[in-house]
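S.K.: These are the residues of each chain, in order.
2 protein chains.
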Amino acid sequence: MLNIQDPTEARKIIRNNQYDKQTAGTASQYVQGNVCILPSKYSANFATFCKKNPKPCPLIGLGAKGDPKLRDLGDIDIRTDVPKYRVWKKGKIVDEPLDIKKYWNEDLVTFILGCSMSFELPLIEAGIEIQHIKNNTTVPMYRTSIDCKPEGQFLGKMVVSMRPLSTKDTITSIEICSKYPSVHGAPIHFGNPDEIGVKDIMKPEYGDPPISFKNNEIPVFWACGVTPQLILEKSKPDFCITHKPGCMLITDKLNSDLATS
Amino acid sequence: MLNIQDPTEARKIIRNNQYDKQTAGTASQYVQGNVCILPSKYSANFATFCKKNPKPCPLIGLGAKGDPKLRDLGDIDIRTDVPKYRVWKKGKIVDEPLDIKKYWNEDLVTFILGCSMSFELPLIEAGIEIQHIKNNTTVPMYRTSIDCKPEGQFLGKMVVSMRPLSTKDTITSIEICSKYPSVHGAPIHFGNPDEIGVKDIMKPEYGDPPISFKNNEIPVFWACGVTPQLILEKSKPDFCITHKPGCMLITDKLNSDLATS
Numbered sequence: 003m004l005n006i007q008d009p010t011e012a013r014k015i016i017r018n019n020q021y022d023k024q025t026a027g028t029a030s031q032y033v034q035g036n037v038c039i040l041p042s043k044y045s046a047n048f049a050t051f052c053k054k055n056p057k058p059c060p061l062i063g064l065g066a067k068g069d070p071k072l073r074d075l076g077d078i079d080i081r082t083d084v085p086k087y088r089v090w091k092k093g094k095i096v097d098e099p100l101d102i103k104k105y106w107n108e109d110l111v112t113f114i115l116g117c118s119m120s121f122e123l124p125l126i127e128a129g130i131e132i133q134h135i136k137n138n139t140t141v142p143m144y145r146t147s148i149d150c151k152p153e154g155q156f157l158g159k160m161v162v163s164m165r166p167l168s169t170k171d172t173i174t175s176i177e178i179c180s181k182y183p184s185v186h187g188a189p190i191h192f193g194n195p196d197e198i199g200v201k202d203i204m205k206p207e208y209g210d211p212p213i214s215f216k217n218n219e220i221p222v223f224w225a226c227g228v229t230p231q232l233i234l235e236k237s238k239p240d241f242c243i244t245h246k247p248g249c250m251l252i253t254d255k256l257n258s259d260l261a262t263s
Numbered sequence: 003m004l005n006i007q008d009p010t011e012a013r014k015i016i017r018n019n020q021y022d023k024q025t026a027g028t029a030s031q032y033v034q035g036n037v038c039i040l041p042s043k044y045s046a047n048f049a050t051f052c053k054k055n056p057k058p059c060p061l062i063g064l065g066a067k068g069d070p071k072l073r074d075l076g077d078i079d080i081r082t083d084v085p086k087y088r089v090w091k092k093g094k095i096v097d098e099p100l101d102i103k104k105y106w107n108e109d110l111v112t113f114i115l116g117c118s119m120s121f122e123l124p125l126i127e128a129g130i131e132i133q134h135i136k137n138n139t140t141v142p143m144y145r146t147s148i149d150c151k152p153e154g155q156f157l158g159k160m161v162v163s164m165r166p167l168s169t170k171d172t173i174t175s176i177e178i179c180s181k182y183p184s185v186h187g188a189p190i191h192f193g194n195p196d197e198i199g200v201k202d203i204m205k206p207e208y209g210d211p212p213i214s215f216k217n218n219e220i221p222v223f224w225a226c227g228v229t230p231q232l233i234l235e236k237s238k239p240d241f242c243i244t245h246k247p248g249c250m251l252i253t254d255k256l257n258s259d260l261a262t263s
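Line order of the protein sequences matches chains X and P. Per our numbering: the first sequence = residues 3 to 263. Per our numbering: the second sequence = residues 3 to 263.
Hints listed in this document are in silico derivations from the structure and should not be mistaken for laboratory results. Careful: at least some of the hints might be erroneous.
Pairs involving identical chains hold if they fit within one copy or between any two copies, as the list cannot separate such chains.
Pairs of lysine-lysine residues, derived as BS3-like cross-links and limited to a Cα-Cα distance of at most 27 Å, are as follows [to be verified]:
(1) LYS92 x LYS136
(2) LYS170 x LYS181
(3) LYS238 x LYS170
(4) LYS57 x LYS181
(5) LYS43 x LYS236
(6) LYS170 x LYS216
(7) LYS94 x LYS23
(8) LYS246 x LYS54
(9) LYS136 x LYS246
(10) LYS151 x LYS91
(11) LYS57 x LYS205
(12) LYS53 x LYS170
(13) LYS53 x LYS181
(14) LYS201 x LYS216
(15) LYS151 x LYS53
(16) LYS170 x LYS201
(17) LYS181 x LYS54
(18) LYS86 x LYS103
(19) LYS67 x LYS181
(20) LYS54 x LYS170
(21) LYS14 x LYS67
Turn these sequences into a full structure, and let the hints guide you.
M.R.: Written as structure tokens, this is what we have:
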């Protein structure tokens, strides 16, 4: 873990290719983002796809065509400021570089989508124990049977993350997360996993399996920022770049600034 | 049902003792209140009790000692403006009059507490079907094992109201109700009734039994404004006056003004 709480300092290390792992816990007061970079011919449809599916794909930043800077989110150069990238051609990963200087071109458009780390901090501050954080594992994530609303070539199923919670903490987490619509908002489901097409709660498709469900704990599901990667895999644009899951873009925006009230 | 949507008009009829039944659906855009009137020697403790138990006892209005007017809530005279009252002596009901002119005195203090009708309207507007409203029955209410936080002589268990909802509607109702802290706020529990000491969901202690639980519906429980009557029954003040359950005070305050954001 990169235990640096200042976002500028953290990005400096990442920018110099001195850190290539997950960013959970780094600059934890600050918003981290999922990254999707696409050729401009896809950008109108992808932007609309995000707008139509705000729970899995909450758009928090958008770069100008050909501009690697994201001034609204901080002193950011998207070519270097992510610990590890994925380069995709027609839905297949062809490279996982530490920077994308050699892939960048004047036609690319950058999309930054909100991430669950921004709501986990206020949950913890409200006294809710988050199992995967306590156990230092990756949150379990599942493919569901829920269709995203399609736009042009962009379509596919929603991915969800899951946290085991008591009934009381489920209610509190819905109350808190509903104030954070730009980072997935309130959970989309709780209880019976089968209702959203999750067959085996102990076998997530991404991340680590849950440790256990205590006494009265139930599974609580949030729309997940891994969804767009599944959409890109299925929609097969000629070319695109994303972050490697877990290796997020660290911004200068405070999580608390995302709260709607 | 008194189908009048203007609160002043509705109160005029009630004031003239021309209506003595429940007020559900009357002036439905406006806040209705639970009423507790106590001798001044109890008022400090009861006010603190309400402040300590905001979910069952959300204080939305407080009269000056001896003053039957509640100017903050509208052109209200608490001696005449409730369809039916209950007069209590040492925890027992001794009268159910249409007005309390003969009981009023210079030592009484009026407390008005928020009521679930204020959050049911935004739930319906969000497309959620409320079973007891659709079937024109009274919401089922249950005594629980949850202790209110005591203050002086005021203590006892919380009463909850229950509405059967799908998982999806449960999440939406938590999101909406968390914006209405002054009318019981978010539900306090859902799912297993036994966890809060409710033994038989089909046998509520107050109101009508639920009709049924459809497919994926679960019981969702809100703190209930009947709680203070149970507290008064148990705490046995020498003398007090309440409304008869269901026969609420209609105010000039809009429900929408209660939303926190």
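S.K.: Hints first: check each against the structure and report whether it holds.
M.R.: Each hint tested on the structure:
| no. | hint | verdict |
| --- | --- | --- |
| 1 | LYS92 x LYS136 | neither (38 Å within a copy, 52 Å between copies) |
| 2 | LYS170 x LYS181 | both (18 Å within a copy, 17 Å between copies) |
| 3 | LYS238 x LYS170 | neither (42 Å within a copy, 32 Å between copies) |
| 4 | LYS57 x LYS181 | both (13 Å within a copy, 20 Å between copies) |
| 5 | LYS43 x LYS236 | within (17 Å within a copy, 71 Å between copies) |
| 6 | LYS170 x LYS216 | both (13 Å within a copy, 23 Å between copies) |
| 7 | LYS94 x LYS23 | within (21 Å within a copy, 69 Å between copies) |
| 8 | LYS246 x LYS54 | within (24 Å within a copy, 48 Å between copies) |
| 9 | LYS136 x LYS246 | within (23 Å within a copy, 50 Å between copies) |
| 10 | LYS151 x LYS91 | within (23 Å within a copy, 62 Å between copies) |
| 11 | LYS57 x LYS205 | within (23 Å within a copy, 39 Å between copies) |
| 12 | LYS53 x LYS170 | between (32 Å within a copy, 21 Å between copies) |
| 13 | LYS53 x LYS181 | both (18 Å within a copy, 25 Å between copies) |
| 14 | LYS201 x LYS216 | both (20 Å within a copy, 23 Å between copies) |
| 15 | LYS151 x LYS53 | within (10 Å within a copy, 45 Å between copies) |
| 16 | LYS170 x LYS201 | both (25 Å within a copy, 19 Å between copies) |
| 17 | LYS181 x LYS54 | both (19 Å within a copy, 25 Å between copies) |
| 18 | LYS86 x LYS103 | within (13 Å within a copy, 77 Å between copies) |
| 19 | LYS67 x LYS181 | neither (31 Å within a copy, 40 Å between copies) |
| 20 | LYS54 x LYS170 | between (31 Å within a copy, 19 Å between copies) |
| 21 | LYS14 x LYS67 | within (24 Å within a copy, 65 Å between copies) |
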